[in-house]
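So you can see what is in the structure, the chains are spelled out below.
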Amino acid sequence: QQQVKQSPQSLIVQKGGISIINCAYENTAFDYFPWYQQFPGKGPALLIAIRPDVSEKKEGRFTISFNKSAKQFSLHIMDSQPGDSATYFCAAIENGNKLVFGAGTILRVKS
Amino acid sequence: NAGVTQTPKFQVLKTGQSMTLQCAQDMNHEYMSWYRQDPGMGLRLIHYSVGAGITDQGEVPNGYNVSRSTTEDFPLRLLSAAPSQTSVYFCASRSGQSGNTIYFGEGSWLTVV
Chain A
17 QQQVKQSPQS LIVQKGGISI INCAYENTAF DYFPWYQQFP GKGPALLIAI RPDVSEKKEG
77 RFTISFNKSA KQFSLHIMDS QPGDSATYFC AAIENGNKLV FGAGTILRVK S
Chain B
4 NAGVTQTPKF QVLKTGQSMT LQCAQDMNHE YMSWYRQDPG MGLRLIHYSV GAGITDQGEV
64 PNGYNVSRST TEDFPLRLLS AAPSQTSVYF CASRSGQSGN TIYFGEGSWL TVV
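Taken in order, these protein sequences are the chains called A and B. Going letter by letter, the first sequence gives residues 17 to 127 in our numbering. Going letter by letter, the second sequence gives residues 4 to 116 in our numbering.
Be a bit skeptical, because a hint or two may be false.
[Stated by the list, open to error] Straight-line C-alpha distance at most 20 Å; calculated DMTMM-like pairs for lysine to aspartate or glutamate:
{"hint": "1", "chain 1": "A", "residue 1": "K114", "chain 2": "B", "residue 2": "E62"}
{"hint": "2", "chain 1": "A", "residue 1": "K21", "chain 2": "B", "residue 2": "D59"}
{"hint": "3", "chain 1": "A", "residue 1": "K114", "chain 2": "B", "residue 2": "D41"}
{"hint": "4", "chain 1": "A", "residue 1": "K21", "chain 2": "A", "residue 2": "D47"}
{"hint": "5", "chain 1": "B", "residue 1": "K12", "chain 2": "B", "residue 2": "E109"}
{"hint": "6", "chain 1": "A", "residue 1": "K58", "chain 2": "A", "residue 2": "D100"}
{"hint": "7", "chain 1": "A", "residue 1": "K114", "chain 2": "B", "residue 2": "D59"}
{"hint": "8", "chain 1": "A", "residue 1": "K21", "chain 2": "B", "residue 2": "E33"}
{"hint": "9", "chain 1": "A", "residue 1": "K58", "chain 2": "B", "residue 2": "E109"}
{"hint": "10", "chain 1": "A", "residue 1": "K87", "chain 2": "A", "residue 2": "E42"}
{"hint": "11", "chain 1": "A", "residue 1": "K114", "chain 2": "B", "residue 2": "D76"}
{"hint": "12", "chain 1": "A", "residue 1": "K58", "chain 2": "B", "residue 2": "E33"}
{"hint": "13", "chain 1": "A", "residue 1": "K114", "chain 2": "B", "residue 2": "E33"}
[What the hints assert, rightly or not] If we take Cβ atoms under 10 Å as the criterion, some of the chain B residues that face chain A in the derived model are:
{"hint": "14", "residue": "Y38"}
{"hint": "15", "residue": "M44"}
{"hint": "16", "residue": "Y51"}
{"hint": "17", "residue": "A55"}
{"hint": "18", "residue": "G56"}
{"hint": "19", "residue": "D59"}
{"hint": "20", "residue": "G61"}
{"hint": "21", "residue": "F93"}
{"hint": "22", "residue": "C94"}
{"hint": "23", "residue": "Y106"}
{"hint": "24", "residue": "E109"}
For the record, the hints were derived by calculation from the structure and aren't laboratory data. Backbone N, C-alpha and C define an ideal beta-carbon position, used for all residues, glycine too.
Kindly produce the complete structure, drawing on both the sequences and the hints.
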């Protein structure tokens, strides 16, 4: 049973468009919510992260929106570029130790 | 991925064979963990360790053993490999609190035939 539910499974966006990936969770013990980017043949790399006491965090073209009451958070990629094509994972850390992942979203940005 | 080294990169095993995936980090991180990645499943936590001599189970621990005799090393052992263990394995580490960056190794591709 996936502790963090991620959607969509795959996403195709035109260059310059906005990519949106959504995640939902149930476990209120989660205290940190990172997003990872993974290119083929590589390990995941931290993209951006947020704590549940913050509703939004922006770093460059990447923004996390967090809705604590709904137990949902999302990643927005503004001005999507072909170089953003990768697999994206949302994740959550439970009690400071266990990092659990969503199932992943394969993003393809068409030029 | 700086600092987390996994070996081997690729391995083919026969059913019933045993092997160890090695993981080493040179960042003096207390926390280390092993994940497996399967299509449509994301990364699932196998085992983790919060320091030398301390290990605990994750979501999918069956069929795997770990030990943490030093801060640097966290090997993952498959005692009797099964085809269901065909996967990509990632080791990860971080220091201190949950908000710190987790670093992943480059992965180990394991096929059990």
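Close enough to count: is the Cβ of B:G61 nearer than 10 Å to one in chain A? Cβ of B:G61 sits 6 Å from chain A, so the hint holds.
Double-check B:M44 for me: the hint is only fine if its C-beta lies closer than 10 Å to a C-beta in chain A. Because about 6 Å separates B:M44 from the closest Cβ in chain A, which is inside the 10 Å limit, the hint holds.
Given the hint that A:K21 pairs with B:E33, test it: the Cα-Cα distance must not exceed 20 Å. Judged against 20 Å, a Cα distance of about 29 Å means the pair is violated.
Holds or violated: A:K114 with B:E62, Cα cutoff 20 Å? Holds, at roughly 9 Å.
Sort out whether B:E109 lies within 20 Å of B:K12, counting only the CA atoms. It holds: about 8 Å lies between the C-alpha atoms, which stays within 20 Å.
Pair hint outcome, A:K114 versus B:D59 [Cα-Cα no greater than 20 Å]: holds, 10 Å
Hint B:C94 vs chain A: min CB-CB distance below 10 Å? holds, 9 Å
Checking hints one by one. Is B:Y106 an interface residue toward chain A, by the C-beta closer than 10 Å rule? holds, 8 Å
Holds or violated: is there a CB of chain A closer than 10 Å to the CB of B:Y51? At about 6 Å, which falls below the 10 Å cut-off, the nearest Cβ of chain A leaves the hint on B:Y51 intact, so it holds.
Does B:D59 hold up as a contact with chain A if the rule is Cβ-Cβ below 10 Å? holds, 8 Å
Between A:K58 and A:D100, does the CA-CA distance stay at or below 20 Å? Given that 20 Å is the threshold and the Cα spacing comes to 15 Å, the pair holds.
Hinted pair, alpha-carbon criterion (20 Å max): A:K114, B:D41. Please report holds or violated. holds, 18 Å
In summary, the numbered hints that this structure violates are 2, 8, 12, 17, 18.
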